[in-house]
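Student: With the hints as your guide, set chain Y onto chain X.
Those sequence lines, one after another, are chains X and Y.
The first sequence: position 172 = 172 (our numbering), numbered continuously.
The second sequence: position 174 = 174 (our numbering), numbered continuously.
Worth double-checking, as some hints may not be accurate.
As the list claims (entries may be wrong) - Which residues of chain X face chain Y? A partial, calculated answer using Cβ under 10 Å:
(1) P49
(2) Q54
(3) Y77
(4) L81
(5) T109
(6) A110
(7) P111
(8) Y112
(9) V113
(10) V145
(11) K146
(12) F186
What the hints assert, rightly or not - Between beta-carbon pairs, the in silico distance windows are:
(13) X:L132 - Y:A97: 31 to 41 Å
(14) X:E93 - Y:E199: 26 to 36 Å
(15) X:E87 - Y:R237: 23 to 33 Å
(16) X:S75 - Y:K223: 20 to 30 Å
Derived by calculation from the structure, the hints in this document are not laboratory data.
Since the structure is predicted, the reported quantities are computational estimates derived from the model, not experimental observations.
Virtual Cβ for every residue (Gly too), placed ideally from N, Cα, C.
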Amino acid sequence: MQKDSQSTQSTAEEEEYEIDPEEGVPVPKRLLYADDKLKFKPKILTGTPCMPGQRICLANEYFEAGEGAYEFGESIYASALGFLQTEEFPEQELTVVSVKRGDGKPPFTAPYVGAVVTCIVLSRTQKLCRCLITHVGSVKLDDVVKGIIRREYIHEKHRDLSEVETSFGVGDTVLARIVGISDGDFIMSTGEDSLGVATAISSAGYYMVPVGWTRMECPKTKETLPRKVAKIVQDKNVEYWHRRNMIKKESDAKPEKA
Amino acid sequence: MAYRTHLDDLWEQQIRPDGRTPHELRNITCQMGIFHPQASGSASFNIGNTKVMAAVYGPHEVRSSQKKHHNPDKMIINCEYSSATFSSNERKSSTKADRKSMEISSNLRSVMEHIIIPDIFPGSQIDVYVELLQDDGGSYSACINAATLALVDAGIPIRDYAVAITATMSHSVCMVDINAQERGQCAELTIGVLAQSNEIIVLELANLLQNFYLKDVLDEGIKGCAAIYKILEEAVRQKFNKMEQSLV
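One chain only, chain X, in its complex shape (with noise of 0.2 Å):
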């Protein structure tokens, strides 16, 4: 109690001034440095369950809101029901904070600009091509969306040359990015190596298997027919899905055998 009582009023007295450098106004000294105390992380508990509108922490430069989380004012309000989530990234001194379902699933999916989409070709004209989004992302949509690729939209170099027939087949499942909205309509690109068609199947029925940037081939009729390809990368959590599904099936027949 003593000491807890000499030390608030050495404070008191001992108020020490110093220059701020950037304003040059003189600040008290532990005023100065408080961007020290903002660094100092709190210990968020990652799994603790969140209602909309609860207040999770403060927001400043080394917190930000992720998915089912915003920023309102000082602070990080969580706007979704789910588990807490933190992410870190220690290069740039930043934790993302957001709140997801328990199923792994986020908590409200839509497409949205600048995200790459799976989607199904569904019909064709000179112009354009109409399609429909499966998935965005990784996450399948509960309710299928129309999209449309145009024809300048599918090479990113010699836009006028490229012609929608030459390029996608009725059924084909291609990769796209979307990059705008027109009438409610999302518009859709195929510009980049890593995006066009990625699955066409032949006449014969059969998946065809791409030979070169711009044609497919059917392994059995050996027939080739022109199309966007993609060159698809493979991504870490794709790898990461294939092993737990294997995992899982493993777990799952085990118990048949006993």
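Tutor: Only chain Y this time, still in chain X's reference frame:
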């Protein structure tokens, strides 16, 4: 000269016609996920004999009828309120297009637009359908509570819970949660607030209320909203426990 009645004696002892004290709410039950696989979020909210169901569909692509008018940078929220033909004392033939339900739909939409974070998924639409099954006073506030629960069930990002309740002043007594019998005799003030910040988002008055009573009635209503929020939170907790159990 007016005769003293039995009810007047009750008012003197601060007992309301249905036997409640002024601050007492009717019995509240609520349930989430009543249309589970069909709608993305749904809830029912019963307060006394007032029964409301709400369902949220979406997010899905924008329907063609609304494509022209909307701002492409924002998510569209479509709200529809309807009351069942058997909900009130008089049987109504058609309830969807009459003036009262149109007004409630548009009011509900503005409340939903206030609590939903709108700029997350532009170009998509959310449908909120609210159905009044039985009306025994405070139907509009029950609709707001039910719609909020359905939004939480659907996992749509919302800023805060919107909770609402009715309050009034009669016989120099402030009362919350008035029923249909009391509604006929006195004013009905519907108060809706954001649960965490107590920010008033809905304020609607039916009949006349003395100017200088307003502050007392408002305070009483905000207290009632806090009580309702506790019950909604409890319902969400129960849903939460179910979620945890399904994982294990």
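Student: Decide, hint by hint, whether the structure agrees.
Tutor: Against the structure, the hints:
1. Taking 10 Å as the C-beta contact cut-off toward chain Y, the hint placing P49 (chain X) at the interface holds, the least distance being around 6 Å.
2. About 8 Å separates the beta-carbon of Q54 (chain X) from the nearest beta-carbon of chain Y, less than 10 Å, and the hint is met.
3. Interface restraint check: Y77 (chain X) against chain Y, minimum CB-CB distance 7 Å, threshold 10 Å, status holds.
4. This hint holds: L81 (chain X) has a C-beta 6 Å from the nearest C-beta of chain Y, less than the 10 Å allowed.
5. Because the smallest distance between the Cβ of T109 (chain X) and any Cβ of chain Y comes to about 8 Å, under 10 Å, the interface hint for this residue holds.
6. For the restraint placing A110 (chain X) at the interface with chain Y, the shortest Cβ-Cβ distance is roughly 4 Å, inside the 10 Å limit, so the hint holds.
7. The interface hint given for P111 (chain X) is met, as the beta carbon of that residue sits about 7 Å from the closest beta carbon of chain Y, less than 10 Å.
8. Hint status for Y112 (chain X) relative to chain Y: holds, with the closest Cβ pair at about 5 Å, below 10 Å.
9. Against a cut-off of 10 Å between C-beta atoms, the interface hint on V113 (chain X) holds, since the closest Cβ of chain Y lies about 7 Å away.
10. Against a cut-off of 10 Å between C-beta atoms, the interface hint on V145 (chain X) holds, since the closest Cβ of chain Y lies about 4 Å away.
11. Against a cut-off of 10 Å between C-beta atoms, the interface hint on K146 (chain X) holds, since the closest Cβ of chain Y lies about 6 Å away.
12. Because the closest C-beta pair between F186 (chain X) and chain Y is about 6 Å apart, less than 10 Å, the hint holds.
13. A hinted range of 31 to 41 Å holds for the C-beta pair L132 (chain X) and A97 (chain Y), which are about 34 Å apart.
14. Against the hinted window of 26 to 36 Å, the Cβ-Cβ separation of E93 (chain X) and E199 (chain Y) comes to about 34 Å, which satisfies the hint.
15. At roughly 26 Å, the beta carbons of E87 (chain X) and R237 (chain Y) sit within the given window of 23 to 33 Å.
16. For the pair S75 (chain X) and K223 (chain Y), the beta carbons lie near 25 Å from each other, so the given range of 20 to 30 Å is met.
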